[in-house]
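Engineer: Listed below, chain by chain, are the residues.
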Amino acid sequence: MAGILDFAPAIVLLPFLSFLIALGAGRYMPKGGALAGIGATAGSFVLSIATFFAVSGGQTYNQTIYTWAEGLDAINLTFGLLIDPLSSMMLVIVTLVALLVHVFSLGYMNDEGETGLPRYYAGLGLFTASMLGFVVADNLLMAFMFFELVGLCSYLLIGFHFRQDGPPSAAKKAFLVTRFGDYFFLIGVVAVFATFGSAAFAGPDAFPVLAEEALNGEHSVNTFLGMGEQAWFTVVGLLVLGGVVGKSAQFPLHTWLPDAMEGPTPVSALIHAATMVAAGVYLVARMYGFYVLTPTTLAIIALIGGFTALFAATMGVVKKEIKQVLAYSTISQYGYMMLGLGAGGYVAATFHLMTHAFFKALLFLGAGSVIIAMHHNENMWDMGGLKDKMPVTYYAFLSGSLALAGIVPFAGFWSKDEVLYETLIHGLGGSPILLAAYAMGLLAVFFTGFYTFRMVFLTFHGEPRSGTARDPHGVRWNVKGPLAVLGVLAATTGLVNMVPVEKLFGIEGIDFLHQFLDGSFSSLNAHHYAELIPYSSGYIGGEAGTVAIGAAVSLGFALGGAALAHVLYNVPEPVEHTDKLGSIKTVLYNNYYQDEYQVWIATGVVQPISRVLDKFDQGIVDGVVNGISSVSLFAGGRVKRIQTGVVSNYAALLTLGLTALLLGLGLLGGWFA
Amino acid sequence: MTPLQTLPEWAATAPAIVLALTGLALLLIDTIDPDSTNNGLLAGTATLGALAAGGIAAWFLIGGTGMESTGGAISLYGDALVVDGMSLFFTLIFTSVTAMVTVASYDYLADEEYQGEFYSLVIFAATGMTLMGMSNSLATVFVSLELASLPSYALVAFLKKDRGSIEAGLKYFLIGALSSAVFAFGISLVFAVTGSLVLPEVAATLAEGTELVGVLGLGVLMIAGGFAFKTASVPFHFWAPEAYEGAPAPVSAFLSSASKAAGFAVAFRVFTVAFPLETVTAIGGGSVDWSLLFALLAVVTMTLGNFAAATQENVKRMLAYSSIGHAGYALIGLAAITVDGGAANGDVLGASMAHLLVYGFMNTGAFLFIAMVEKWGLGRTFEDYNGIASKAPIAATAMTVFMFSLAGLPPFGGFVSKYALFYSAIESGFWWLAAVGAVNSALSLFYYSRVVKAMWIEEPSKPLEIGSQPVGLYVAVIFAAVGTVLLLPGFQPVIETAQTVAAALF
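If you read the sequences in order, they're chains A and B. First residue of the first sequence: 1, per the numbering used here; consecutive thereafter. First residue of the second sequence: 1, per the numbering used here; consecutive thereafter.
Just so you know, these hints were derived from the structure itself, not from any lab. Quick caveat: nothing in here was measured; it's all calculated off a predicted structure. Just so you know, not all the hints are guaranteed correct.
To be verified - Taking lysine-lysine pairs in the DSS-like style, the calculated list, with each CA pair at most 30 angstroms apart, reads:
| # | chain 1 | residue 1 | chain 2 | residue 2 |
| --- | --- | --- | --- | --- |
| 1 | A | 320 | A | 480 |
| 2 | B | 161 | B | 453 |
| 3 | B | 453 | A | 640 |
| 4 | A | 640 | B | 161 |
| 5 | A | 480 | A | 387 |
| 6 | A | 172 | A | 320 |
| 7 | B | 160 | A | 640 |
| 8 | A | 172 | A | 31 |
| 9 | A | 640 | B | 375 |
| 10 | B | 462 | B | 391 |
Please construct the entire structure, taking both the sequences and the accompanying hints into account.
Structural biologist: Set out below in structure tokens:
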């Protein structure tokens with residue numbers, strides 16, 4: 001069937017082409033290769049939209065493109081494409097955000113006279129291509145390879161300003177921390193291959209399907225360490241989860257993300273909204289059919305998510321710099337997605353992934369606009385009163401903030417509410433762990449509302465608190481355009497899945513996203529996952545009642561947080577209230593000493609062990625090697641001495657050797673009998 | 001279409017005949033014009049003859065002469081000679097090495113006297129080697145072995161005014177005479193037990209059993225000694241370092257590559273055809289387990305060769321020991337043969353043959369590079385090689401290829417041939433032999449890389465002066481290097497041919 005889906009590889013290849021162009025010819029092109037990037041991402045975006053509609057019409061695509069290692073009677077390693085509703089939705093998100101980030105970069109990088117633009121646009125192109133390759137990967141190994149490429153690109157882009165002190169160090173930290181997680185992921189990939197002999201996501205050999213059959217006793221798989229299938233699958237799931245926790249900046253591997261703010265702001269938008277950080281959560285959604293089989297893993301995912309959501313939100317409360325606030329909000333929001341996935345809300349989490357992509361890209365680009373205006377001063381305490389100076393940025397940013405805080409009817413409300421609702425009903429259905437996670441998630445809503453509006457009020461409201469704020473630098477269409485597009489999306493995308501409205505008023509058929517995700521391979525759709533979820537549901541006052549209570553409570557918390565921010569900070573001359581927190585303030589400023597303890601682990605625990613190993617390596621391993629070589633040389637010297645140069649000695653030795661052989665073989669072979 | 005349908009049977013020995021005629025032609029040229037300095041005519045005739053013989057051998061090999069597809073081995077002259085795939089395969093090795101050596105000698109001998117004698121001796125020795133590969137009777141084995149050896153003694157001593165060359169030639173001759181005596185005595189003992197010299201008849205007689213197992217064992221051991229001399233294996237290796245070091249470098253290349261391969265060719269045939277392992281390991285209440293003998297010799301030979309090579313200061317002498325080490329690797333082909341090996345026997349023997357072919361290129365090339373350095377008058381130690389790459393980058397690159405290939409590193413032919421050899425040894429159950437070989441290979445990397453390091457990294461202690469750019473030597477060295485590299489992608493047909501023709505022996 002030749003159709004639009006046959007062009008799917010082009011979606012990945014176009015940005016890769018722009019990478020090559022920017023790298024090879026960027027310095028000769030106007031705008032340093034930006035136009036190639038814009039053209040490529042625009043092309044990918046158009047193709048993604050077409051793909052999206054084709055998938056909506058019921059088409060899917062699952063094909064191996066290239067077998068790069070053919071196992072003799074073992075495993076084939078392949079590259080292939082899997083286009084289903086989940087990946088087609090993600091393609092649209094990634095290409096759209098990438099396109100807007102490219103356009104925005106014209107304003108943020110080109111107009112600001114940055115150097116090294118070809119390198120920048122090459123990085124963006126490769127970053128986009130890697131993420132798109134990851135999204136369409138049809139097997140876990142290919143996903144891992146592109147996952148690593150994404151990590152590499154984030155390293156290159158976070159460290160873009162490599163001549164300063166901060167960025168290279170932040171890039172290194174991002175690389176190392178995510179690598180720590182990826183290490184477990186890699187073992188997980190090997191474990192999946194060893195267990196199932198296949199790492200495909202879909203099709204007859206899909207490992208989630210094989211795992212399901214194995215648990216039903218229809219198919220046998222290899223398990224290791226003497227574990228049963230259930231326990232072993234849990235171990236495999238947790239190994240892969242290691243990569244997810246690193247990439248999606250979940251506790252305790254979240255520490256790289258705030259530092260990554262050292263990268264250029266458009267890069268932060270790309271990292272947070274559509275590529276790097278989204279990759280982790282997307283991976284869980286991609287292989288959800290596997291996770292859903294192991295309740296322990298799901299519970300752990302939910303707990304990590306809920307805890308991260310709350311934990312990061314509290315740290316966001318005291319930050320001074322606008323991008324730092326956004327960084328912690330990202331960690332917190334990805335916590336919600338993990339919570340949703342762990343609580344069995346596949347659709348809810350995917351929904352939140354989508355809405356978050358739009359409003360977080362918007363907020364970062366808005367922050368970028370503010371930063372341009374403020375001559376690259378990011379301290380919110382130097383801002384204030386920008387509302388009237390830059391109205392487009394203000395209204396777009398406000399739209400994003402309302403979405404982030406979860407105020408009805410902006411996008412974030414619908415998706416966050418659905419995540420919390422799913423957690424609540426499954427918690428009420430007899431899973432107290434989920435109730436605990438729900439409580440943390442709910443509390444985080446309050447903090448989210450608070451820090452979001454604290455940021456809005458400090459930045460845009462009140463009186464200008466510095467010279468630059470009184471006379472900000474203007475921004476051009478290439479900044480305002482992307483903001484306007486995303487502002488509209490942040491306000492409206494929530495409408496694609498208005499489950500509370502459906503449940504409360506009984507209007508059938510407006511949960512478009514849910515229906516969309518249902519139409520796929522039978523082993524990959526939301527319906528199939530819903531059947532496998534190991535939770536049962538419980539309600540307070542019926543389904544509609546629970547929906548109403550849940551929505552009201554979360555909206556109330558969000559409004560409460562926003563109101564507190566209004567009281568404290570929406571005044572002409574806001575002052576720092578953080579001193580009232582006393583010692584808690586210090587803890588929060590230091591991010592709960594997360595960095596400190598991880599540094600302590602590195603220097604206090606790992607380093608001594610490394611020293612011991614180094615001793616072992618230097619002393620024993622090298623000693624053995626050196627010993628062997630000196631023994632060899634010594635023996636060689638002795639052998640050399642046999643060669644006296646006197647020919648009669650040779651004749652004697654020759655004869656003696658022959659005699660020795662004769663005696664030895666003769667005795668063995670019974671020649672003298 | 002096969003050659004057999006159109007040619008008489010005796011034509012199967014065409015490679016040997018062509019070589020013999022070439023040798024006579026060289027003598028004729030030399031007789032007509034004894035004082036000629038027309039080196040080009042002599043070298044050209046010799047090279048042409050070698051290439052013609054090699055071309056015929058390759059044509060026969062592709063056409064299937066003497067192989068199962070055309071009715072099996074061709075026996076000639078009352079079974080004294082046999083032409084089959086293995087003899088043709090080895091002929092290909094001898095002739096390609098001979099061609100490289102004669103081309104290189106064009107420059108090396110430019111100022112020497114008695115050039116006609118030199119080329120005819122080389123070609124006669126090559127004739128002897130070709131006949132060794134075809135020998136099917138212990139008598140022809142002995143005669144052809146002497147035909148190959150006697151010119152070699154003269155060749156080693158060719159530089160009549162060089163003390164080292166004379167001394168080396170004399171030592172080689174003395175050890176050779178002793179070995180020939182041992183060998184001839186061994187043949188007589190086997191004849192005493194079996195009453196025949198023709199290899200298949202010896203096997204047939206032994207199959208009926210004998211009481212004289214001790215005599216047979218001694219005879220077999222002494223015959224093995226004769227081959228150990230030719231292949232420079234322990235304990236008959238003592239001549240090798242001296243002869244290779246003292247001889248003109250092209251002669252060293254010739255001896256260490258072609259002559260060694262000839263020793264293996266005849267050893268492979270004699271032991272697999274005349275003394276089938278399943279017969280001689282259970283005979284007359286005793287056992288003549290030559291596979292164990294060769295396993296022992298292989299381990300000792302490769303270890304001694306590599307250890308001694310590691311401590312040399314003279315590059316040529318280092319290569320001499322390394323060539324002893326490689327004899328140890330090739331001996332695995334006989335050592336890993338088992339009574340119930342079946343197809344694995346043919347595989348390991350074929351792998352050994354394929355290794356000898358690759359070795360023919362890389363080792364000849366390495367010695368010819370030394371010939372080039374001698375021609376430049378740079379000296380013989382590692383220090384003298386310092387910085388050569390800055391003056392002669394192409395030749396140094398070729399030498400680097402030879403060194404890494406000899407050490408068994410990818411991406412060169414030596415890697416894959418050594419790999420195939422060790423792999424088939426493991427297949428036959430001789431993993432420990434492969435392990436010893438692998439350890440030795442690792443050690444060999446040490447001294448091979450010393451040459452590379454000296455050429456590329458070290459600074460010369462005194463200003464380097466490279467006089468001429470010897471064309472013939474360059475052609476031969478580059479040809480050998482290209483062959484060494486191309487044998488990596490082209491190894492598949494080589495190993496398949498070798499293993500097929502080796503399997504025909506069992």
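Engineer: Would you mind marking each hint as holding or not holding in the structure?
Structural biologist: We went through each hint and held it up to the structure:
1. Between residue 320 of chain A and residue 480 of chain A the CA atoms are separated by roughly 25 angstroms; this keeps the pair inside 30 angstroms, and the hint holds.
2. Distance hint between residue 161 of chain B and residue 453 of chain B is unfulfilled; the C-alpha atoms sit about 34 angstroms from each other, more than 30 angstroms.
3. For the hint pairing residue 453 of chain B with residue 640 of chain A, the CA-to-CA distance comes to about 23 angstroms; that is within 30 angstroms, so the pair holds.
4. Between the alpha carbons of residue 640 of chain A and residue 161 of chain B the distance comes to roughly 27 angstroms, so the proposed pair stays at or under 30 angstroms and holds.
5. Note on residue 480 of chain A and residue 387 of chain A: the hinted pairing holds, with a Cα-Cα distance of about 14 angstroms set against a maximum of 30 angstroms.
6. Proximity of residue 172 of chain A to residue 320 of chain A is assessed by CA-CA distance (about 24 angstroms); at most 30 angstroms being required, the pair is judged to hold.
7. Restraint check for residue 160 of chain B and residue 640 of chain A: satisfied, since their Cα atoms lie roughly 27 angstroms apart, inside the 30 angstroms limit.
8. Under the criterion of a C-alpha separation no larger than 30 angstroms, the hint pairing residue 172 of chain A with residue 31 of chain A is consistent with the structure, at around 29 angstroms.
9. Pair hint residue 640 of chain A plus residue 375 of chain B holds up; C-alpha atoms about 27 angstroms apart against a cutoff of 30 angstroms.
10. Between the alpha carbons of residue 462 of chain B and residue 391 of chain B the distance comes to roughly 13 angstroms, so the proposed pair stays at or under 30 angstroms and holds.
Going through the hint list in order, the structure does not satisfy hint 2, though it satisfies all others.
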